[in-house]
Amino acid sequence: MSSLTEHLSPRTNQWRRIKDRIATVSVTAGGAGVLFAILLIFFYLLYEVVPLFSGASVEAREPVATSLRSAPMYLAVEEQGELALAVSGQGVAHFLRLSDGSTVLREALDPALGSPDLVVAESAESRLFAAAWRNGEIALFRHQYRLPYPGGEQVVTPRLESVERLQLAEEPLVSLTFANTDDALVLVGGTRSGAWVGVRVVREENFLSGEVTTRVESLPLPAMPVQGAAIHLSGDQRWLYHVDATGAFSVLDLQARDASGLAAVVSRGGLFQEPGRLQTSTMLLGGISLLASSDRGELVQAFMVRDPGEGHRLQRIRSFDTDGVPAQQLVPEHRRKGFLSLGSDDTLQIFHTTAHRRVLNETIATGAAPAAIAPRGDLLVQLQADGQLHSWELHNKHPDISWTALWDEVWYESYDEPAHIWQSSASDNDFEPKLSFAPLAFGTLKAAFYTMLIAAPLAICGAIYTAYFMAPALRRKIKPLVELMEALPTVILGFLAGLWLAPLVEDKLTAVVTLLLAMPVGVLLFAFLWSRLPLSVRARVPEGWHAAVLVPVVIFIGYVSFAGNDALELWLFGGDMRRWVTNELGIPFDQRNSLVVGIAMGMAVIPTIFSIAEDAIFSVPRHLSYGSLALGATPWQTLVGVVLPTASPGIFSGLMIGLGRAVGETMIVLMATGNTPIMDANIFEGMRTLSANIAVEIPEAEVDSTHYRVLFLAAFVLFLFTFVVNTAAEIVRQRLRIKYGSL
Amino acid sequence: MDKQQYQDIHATNRGRQQGWLRSGEPMIWLNAAAVSVSIIAVVGLLLLLAVRGLGHFWPADVLSVDVEYQGQTRALLGEVVEQVEVSGEQLREAGFELSGPGPFYQRTLLKQGNRDALGTDFVWLIDEQFANLAWPEDVMVLERLEWGNFYGYLRSVTPRGGPTVDATEEAQRAWETLQALIAETVSVRENIREIEQGAIGAINHELERLRLRERGLEMRGELDAVAQAELAEERATLDARFSSLQDELNALYESIRGHHIEAELANGQRRQLPIAQIVRAYQPNALGPVEKLGLYAERLWEFLSDEPREANTEGGVFPAMFGTVLMVILMSIIVTPFGVVAAVYLREYASQGLVTRTIRVAVNNLAGVPSIVYGVFGLGFFVYFVGGELDQLFFPESLPRPTFGTPGLMWASLTLALLTLPVVIVATEEGLTRIPKAVREGSLALGATRAETLWRVVLPMASPAMMTGLILAVARAAGEVAPLMLVGVVKLAPTLPLDGNYPFLHLDQKFMHLGFHIYDVGFQSPNVEAARPLVYATAFLLVVIIALLNLAAVSLRNRLRERYKSLEH
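Top line first, the protein sequences correspond to chains A and B.
The numbering used here numbers the first residue of the first sequence as 1 and each following residue consecutively.
The numbering used here numbers the first residue of the second sequence as 744 and each following residue consecutively.
Check before you lean on any hint, since a few could be wrong.
[Unchecked claim] No more than 27 Å apart at the CA atoms, straight line, and that leaves these computed lysine-lysine pairs for DSSO-like:
id : chain 1 : residue 1 : chain 2 : residue 2
1  : B       : Lys1180   : A       : Lys19
2  : A       : Lys739    : B       : Lys1035
3  : A       : Lys739    : A       : Lys479
4  : A       : Lys479    : A       : Lys434
Simulated from the structure, these hints should not be mistaken for laboratory data.
Using the sequences and the accompanying hints, generate a full structural model.
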């Protein structure tokens, strides 16, 4: 056969071929591009989430020589990571430049007194340290930094500031701890003769003149061993922790006095499970948790917990896996609840307490010299006895997330028991973020459960009737109407649920409950009465118009329920069912609760389930039901025995897709619940779902912070969940299509 | 009837009863009830929105009532908003003394307005304390720019410098003077707005561009004396234009200042109100149904065409409507070509193997992925990643203030395009599947290339499906709020994203959206009670827009299908 295109010139034909080639390439490229874009969603979410679970790494910098010739008594790094402060054994503070080891500023703490016996820091994050001299005199210093920009370049300028000076004892001290706030300074020290002395310096500001007056109170302390023991003060200056060489602890309440007028011991016990000797101990950021390590490699975290009675006890919260390496030095981070542990055999381990996770375990040449971490947590500095300044860059972005932190009960600081809690926003700098997905996942499933409880029966029963019993003329009208509902923006359903339905349900709770019971009963009653009507009346309504007949009945039942609300409420619940539920049943009642969410989200989900289930039932081959009917089965028997079993995969698939929608729906939950992350299945309380949580929190989350990535993880979880559920539904549906095809 | 007969009948009855139960008839009725309930719920919901949304614009009559309680009498004026029955016990617990006998009491929610004088717009009253109910003809309602509605009686009108017209003596003339003055101030305010947003907006825009140009030159090290002089000159011209406009504005402001009225509140308090603050004045109790209908239309039009006032609780929703439509148009422009190309690729070019089937299932399922996930992706990828890079590359002079590295119109459209992509792909593919193979083969047999077959035969025949897909996508996009909250909508955008200043369409701007407007005004507004009717109206408007789009989809599909019907089978 000759082609119709033969009359075209060869050039034209060539041009057509090129065009065809171009079209093929561009369509293929475009199609592949779109599909790639879709894959991109998955991989981008993954890309944002993965750093949460990757560990930390450490990178050594070249050591630099300094002018110091002994291990420092105190070492700290400033915010910018440019300078370190080292207090030498001679009592001289050196501000060292980390890049070359040069001394920027040198200042003797006290030229007259010379070498101090002790130099101790208040806590990891504070820039306050105390020096104690042989005569029992103590001075507090703060290292300060200014950041001027002379000539557009940033220069860190250090300064040492003396804060307080006082005499704690008349003899040398062997141990010292202190805690400082605007209102008071508490100092506790152990003397060489084996006694504990403590003072509280109370500062009172006259609010008229602004003048600050100080008053020194002595803290009477009971006799406890001094040698080999460690003491720590809690950040709120209430608890004094004393841990002796064997790890036995006593906790003193500095705000209470026992019978003999001494600070009361409120809790005693042992920190370590295996008997061992105390190696080192420190307070974690925030001054709540005590960290201690033993020479057997045990590393524990403990903090004060309220007893069921009135008392308090020091509770061992968790121990960390050190591979049996005893920690010789514990360096808490300044901004997070993590810490570094320098072990005896040159190991560096990095832990995070809330996540109960070890993010790094590496051998680096450390030795026992004092180490300090930069406030931003990205630099570890150690000054060796030979004056060499070693530094390591730490890459440790997200130590605070682990599987247990996300899903298990975690014992958070200041809580009396382990709990699932979502509380991401910080109230202060040493806040412990509580990022448990459990309450959010629970809330998501709770919302989905109540939604399905309302939507599934209505949608499936409706689909059964519409597909199998309804008159075709009516069906053609009903189906688009229900499907139009699917296009209804959820923000409208949410707004109606929150502002109209929630107050209505609260006000007419009795009517709503009555309605749920009265509706099936009333319909059945009507059906029974209908069957008693003479045939001539019944025949007026054609087959398949039951639903239309029922419309006035349903409206009537609804009207009666609401009209009878007040009388019924007065009769059964003393006039107010809501109060009755709260007071008599002891069930908390929120106005925006799960019932409201269930109804509103049910409205959003019904069309989805209805549409798919109706299709599945309607497309069951007719000859199957005809055969059954011909064998004498009633329509209902045919439906239950033949049609539903055949269509059940389709109905199941509809339910799955509906569930997927309920799980991911955001606006309705956001508007119709109080968004409190609680774990309680109570129908009269609200919830916070993963999706609503994302919508509320992500605009405020700092980009690439742990919080931000955790919200991405929530989105990823939602993505995976709905994708899996929908794929399952889709596969079931395709199987069904093949099955129908073979019938 | 003897005993035997009776028992027989009874037995048959029981048999019939059991038969009725066993036949499944009750279950059929229950299933039918599920349909009825669903339909009643949908229709009821739409009716609720329509009644509450449209009812808001009706000028309600104003009730005058004296409330007597514990020997004291308060005179109140206001619109009745809601009446409910409350149990006496509840009221007594709340500390009310009741005299009536019943267990239930009627309470009325009265909108008394006058927030500036009375503190609250709304007040709950117990009906049994009512005395002297009346609907006085001369009650006046003022809609104001601030402080919500005013309810009271006109006492006098004073034009600036002019003689006071006493309303107690010359009610008619006072009212007419007031209306004339309001009409004048309204048109002057319109002028002011035009100048502020048009001319002054343009000058500000120019100044900002000058600043950016200067910064750009500085960054490239090209800011020499010549360039500086040039910039300074341009700036001086703009400043001069600005100050002349400023003078004009001041004159306009001056021209409406000084008119004022004196009005009396229900409690006898007299207040002076500047006419410049009044948007509209009417006496609802004196209006006939036709006049009320006119006022109704006027208020409805204001709602559709005006900008919001008072933290979005009053005025119109035009910017939100505009933003919604513009965003949806941009989204359509993005999503249609990509969706169609992807569908054509999947159906016409890709080999129909396992991979293609898998991709098809995946695309299908993306339609079920929660919209908030798209929002998160849009925020992370488009806004922070792509936007951040664009800023570094093309807009370094305005950094650290982000241009595209912040939520905006373009990112919102792109995110929604991605969200609706599966809808378009699935619908187009369905249309392509329906085209008989014979049509394609015929075209190819006549010597047409694949591209020509596609362009001339297949795509036109698939156009109904493509249109359906697009309109379904538009309907979905118009109602979607959750992702937009992350990638570009704001509660109040000062300017429209489309205006007369270069580059006319501001893709980097944030915009307002009807759906978000509903969420924001209904849930984040300081005065939810006052805003509620407006939220209903907005919701109804959104439903109407989406229903229209859906109906358009259905009819378009039907018409296009009709055209190519002869080709099928």
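Going down the list of hints, with the structure as the test:
no. : hint                    : result
1   : B:Lys1180 with A:Lys19  : holds, 23 Å
2   : A:Lys739 with B:Lys1035 : violated, 64 Å
3   : A:Lys739 with A:Lys479  : holds, 25 Å
4   : A:Lys479 with A:Lys434  : violated, 47 Å
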